[in-house]
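Trainee: Below, each chain spelled out in residue letters.
2 protein chains.
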Amino acid sequence: MNHHDLEEGTQLHLDFTKLKKVAACGEDIIPAIAQDHKTGEVLIVGYANQLALKTALKERMATFWSTSRNELWIKGKTSGDYLEIVEIRVNCEQNSILYLVTPKGQGACHTKDSTGQARSGCYYRKLSGDSTLMFVGR
Amino acid sequence: MNHHDLEEGTQLHLDFTKLKKVAACGEDIIPAIAQDHKTGEVLIVGYANQLALKTALKERMATFWSTSRNELWIKGKTSGDYLEIVEIRVNCEQNSILYLVTPKGQGACHTKDSTGQARSGCYYRKLSGDSTLMFVGR
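Just so you know, the protein sequences line up as chains A and B, in that order.
By this note's numbering, the letter at position 134 of the first sequence is numbered 191, and the numbering carries on one by one without gaps.
By this note's numbering, the letter at position 55 of the second sequence is numbered 112, and the numbering carries on one by one without gaps.
Isolated chain A, as found in the complex:
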């Protein structure tokens, strides 16, 4: 399935090999979720290594490790659409982190809605039935 259909389509086509690819990047990483501190919206799920967390603490911007490009990814550093950190949470077993953020600039998702606006977060579709997606909100 091409990128457009994957992101703007209504057909479920989950890539279950994702974590195999993620692990193959060679870095020691954990899941890192960014959540809008105010609205509660889960914006994006990425991955973080020690450097990403260190950078997030220093820059106060949600920072991930891009497992596809294999490089540090300070979200919005170039576009201006960064996610300002309010708080960083850690789970019970200390193997994931949750960035509570205030979105700056435009949306946290790289996709755009039908009006050309960047979407606030990546979870803009819900499952409807077993294999069909339905757009939620914008």
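Everything labelled a hint here was simulated from the structure, so no lab data went into it.
A couple of the hints might just be wrong.
Just so you know, same-sequence chains aren't split out, so a pair can sit in one copy or run between any two.
[As the list claims (entries may be wrong)] Calculated lysine to aspartate or glutamate pairs in the EDC-like style (CA-CA distance at most 16 Å, straight line):
no., residue 1, residue 2
1, K161, D93
2, K183, E150
3, K111, D187
4, K78, E150
5, K111, D72
Could you slot chain B onto chain A? The hints should help.
Mentor: Same frame as chain A, now just chain B:
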């Protein structure tokens, strides 16, 4: 660090090898987040394979694949503390899922607060400075 200190301590000790271990389980899996539909609280992050999603759709309970036990994990199936599914969201690139849930029974986290109550979610500590954790709420 032992389990108790990891879960109830105030020292940051993130296990950055988590996703390497997760991938080593051999299953094709993606991150699966459970969020309280009403409060917005991110409760728990787990992993899901095709069977877990299929089961979640059928049972209407948040279901994961336990990568440590390498078996299907219908959250709360035995304890009664299950997470009833309101909606299942999919991200732009279709490589993670978000369960919007209504918690039934007690908390979604296996840990207990100082009064012996199960904690509602796993993210009950925040980073305070570079390496110290502080309890948030209960």
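Trainee: Each hint: holds or not?
Mentor: Right, here's what the structure says about each hint:
1. K161 - D93: within (11 Å within a copy, 25 Å between copies)
2. K183 - E150: Close across copies (13 Å), not inside one copy (29 Å); limit 16 Å.
3. K111 - D187: Between copies only: 8 Å across chains, 40 Å inside a chain, cut-off 16 Å.
4. K78 - E150: between (23 Å within a copy, 14 Å between copies)
5. K111 - D72: Answer is between; shortest inter-copy Cα gap is 15 Å, intra-copy 30 Å.
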